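Q: Read off the chains here:
Number of protein chains: 2
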Amino acid sequence: MSYESGTMSGAVDRLVAALGKLPGIGAKSAERLAHHLLKCPDEEALALADAIRAAKDQIRHCEVCFHLTEAQHPRCAVCRDSRRDASVVCVVEQPRDLLALEKAGTFSGVYHVLLGRLAPLQGIGPDQLTLGPLHDRVRAGDVREVILATNPNLEGDGTALLVSQILADTDVKITRLARGLASGGALEFANKEMLADALSGRQRF
Amino acid sequence: MSYESGTMSGAVDRLVAALGKLPGIGAKSAERLAHHLLKCPDEEALALADAIRAAKDQIRHCEVCFHLTEAQHPRCAVCRDSRRDASVVCVVEQPRDLLALEKAGTFSGVYHVLLGRLAPLQGIGPDQLTLGPLHDRVRAGDVREVILATNPNLEGDGTALLVSQILADTDVKITRLARGLASGGALEFANKEMLADALSGRQRF
Numbered sequence: 139m140s141y142e143s144g145t146m147s148g149a150v151d152r153l154v155a156a157l158g159k160l161p162g163i164g165a166k167s168a169e170r171l172a173h174h175l176l177k178c179p180d181e182e183a184l185a186l187a188d189a190i191r192a193a194k195d196q197i198r199h200c201e202v203c204f205h206l207t208e209a210q211h212p213r214c215a216v217c218r219d220s221r222r223d224a225s226v227v228c229v230v231e232q233p234r235d236l237l238a239l240e241k242a243g244t245f246s247g248v249y250h251v252l253l254g255r256l257a258p259l260q261g262i263g264p265d266q267l268t269l270g271p272l273h274d275r276v277r278a279g280d281v282r283e284v285i286l287a288t289n290p291n292l293e294g295d296g297t298a299l300l301v302s303q304i305l306a307d308t309d310v311k312i313t314r315l316a317r318g319l320a321s322g323g324a325l326e327f328a329n330k331e332m333l334a335d336a337l338s339g340r341q342r343f
Numbered sequence: 139m140s141y142e143s144g145t146m147s148g149a150v151d152r153l154v155a156a157l158g159k160l161p162g163i164g165a166k167s168a169e170r171l172a173h174h175l176l177k178c179p180d181e182e183a184l185a186l187a188d189a190i191r192a193a194k195d196q197i198r199h200c201e202v203c204f205h206l207t208e209a210q211h212p213r214c215a216v217c218r219d220s221r222r223d224a225s226v227v228c229v230v231e232q233p234r235d236l237l238a239l240e241k242a243g244t245f246s247g248v249y250h251v252l253l254g255r256l257a258p259l260q261g262i263g264p265d266q267l268t269l270g271p272l273h274d275r276v277r278a279g280d281v282r283e284v285i286l287a288t289n290p291n292l293e294g295d296g297t298a299l300l301v302s303q304i305l306a307d308t309d310v311k312i313t314r315l316a317r318g319l320a321s322g323g324a325l326e327f328a329n330k331e332m333l334a335d336a337l338s339g340r341q342r343f
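Protein sequence lines correspond, in order, to chains A and B. Numbering follows this note's numbering, in which position 113 of the first sequence is assigned residue number 251; successive positions increment by one, without gaps. Numbering follows this note's numbering, in which position 83 of the second sequence is assigned residue number 221; successive positions increment by one, without gaps.
It should be emphasised that the hints constitute simulated quantities derived from the structure, not laboratory data. No experiment lies behind these values; they were computed from the predicted model shown. Hints are not guaranteed to be accurate.
Since the list can't tell identical chains apart, any single copy or any two copies may satisfy a pair.
[Stated by the list, open to error] No more than 20 angstroms apart at the CA atoms, straight line, and that leaves these computed lysine to aspartate or glutamate pairs for DMTMM-like:
{"hint": "1", "residue 1": "194", "residue 2": "151"}
{"hint": "2", "residue 1": "194", "residue 2": "335"}
{"hint": "3", "residue 1": "177", "residue 2": "307"}
{"hint": "4", "residue 1": "166", "residue 2": "240"}
{"hint": "5", "residue 1": "166", "residue 2": "235"}
{"hint": "6", "residue 1": "177", "residue 2": "188"}
The following block holds chain A by itself, in its conformation from the complex:
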């Protein structure tokens, strides 16, 4: 936006523009955040600036699984953990998905982060994903099972299909996460896809 009759300065406009590039932050929110940053104590605002810089500076991708890791550790904390079962590889789209699974705390294998999902309309094709290194990991042996844990939507399903095709020339066992009713939810609010998944995936009681 441009301000009337020079009421504001370039520095504020640039801050608003930079904030407005964050996902989910619209023009109004960007202005609100900018004015908060201008108003809050210097320490607080500069702590954010420094945290951004430090994170960009210190965070790399794990050389094995492409999860985030600190620069001094070429392998991430999961890959370095000898208690994890490295023969079971859970394939996720993003580091955030990995963190969600870790928070659930029920998976003891390792991961492979694709760093994206197939999205042809946004120009994201197989080349942008870490498919080659995944293929190499599986072909190197030692991997018994690959669990496809892409998101349960059109693009995630397409990505899972692609991964399974790429691994078809290996004899690894490929599974995918179960789908059905969301635990804690109510059947009456489940949508058609959830109910279809719940029916087709039904198990003996």
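Following the hints, position chain B against chain A.
A: Just chain B, lined up with the frame of chain A:
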């Protein structure tokens, strides 16, 4: 939040914490934004860090009206603009309110930014507002009218009352912004206060 089994690093946690201090950014959003910043090109993330630093560095308050101004200009763009009528002073809570009025583009006077509003429960009393400088401006003469443009809510009204009391020892004309139906809205969706304001403020047609 703490991450399970060392999946993430201090730098990411610190970034999430710093983002989570922004108003309206909860824990989930802070994580989402942090992972966006980790994923996006360095230039983009560092542009934000630099914009924060530059804004904190270069932006000051106008020595006359306390609006934001760049460090090299002790007076803000409105106060420097000789076409503005300096005898009409519009009192607002925050620079954002001033910018909103400037965007509307119908006010040709100048401003006084209180840099807050009375909020006893949050420990914000008269001393935190720029009331002394406002009093001085009015007492120095040259001001014909003070328009109270605080927010139309309890705290804004309390602040307006306080300003009017402080200026009571001067002979300046004190007015406040009109209230009533929101232009563009529908009567049936107006709340009780809006309708009461609209009735009590009715004008001859």
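Q: When Cα atoms must be at most 20 angstroms apart, do residue 177 and residue 188 count as within-copy, between-copy, both, or neither?
A: both (18 angstroms within a copy, 17 angstroms between copies)
Q: Please work out whether the CA atoms of residue 166 and residue 235 approach to 20 angstroms or closer within one copy, between two copies, in both situations, or in neither?
A: between (29 angstroms within a copy, 13 angstroms between copies)
Q: Given a CA cutoff of 20 angstroms, do residue 194 and residue 335 count as a within-copy pair, a between-copy pair, both, or neither?
A: Neither way: residue 194 and residue 335 sit 40 angstroms apart in one copy and 52 angstroms across, limit 20 angstroms.
Q: Between the shortest in-copy and the shortest cross-copy C-alpha distance, which are at most 20 angstroms for residue 177 and residue 307: within, between, both, or neither?
A: The answer is neither: 59 angstroms in one copy and 31 angstroms across copies each exceed 20 angstroms.
Q: For residue 194 and residue 151, with the copy left unspecified, which applies at a CA distance of at most 20 angstroms: within, between, both, or neither?
A: Classified as between; 13 angstroms across copies, 23 angstroms inside a copy.
Q: Indicate which option fits the pair residue 166, residue 240 if close means a Cα-Cα distance not exceeding 20 angstroms: within, between, both or neither.
A: between (35 angstroms within a copy, 15 angstroms between copies)
The structure does not agree with the numbered hints 2, 3 stated previously, though it agrees with the rest.
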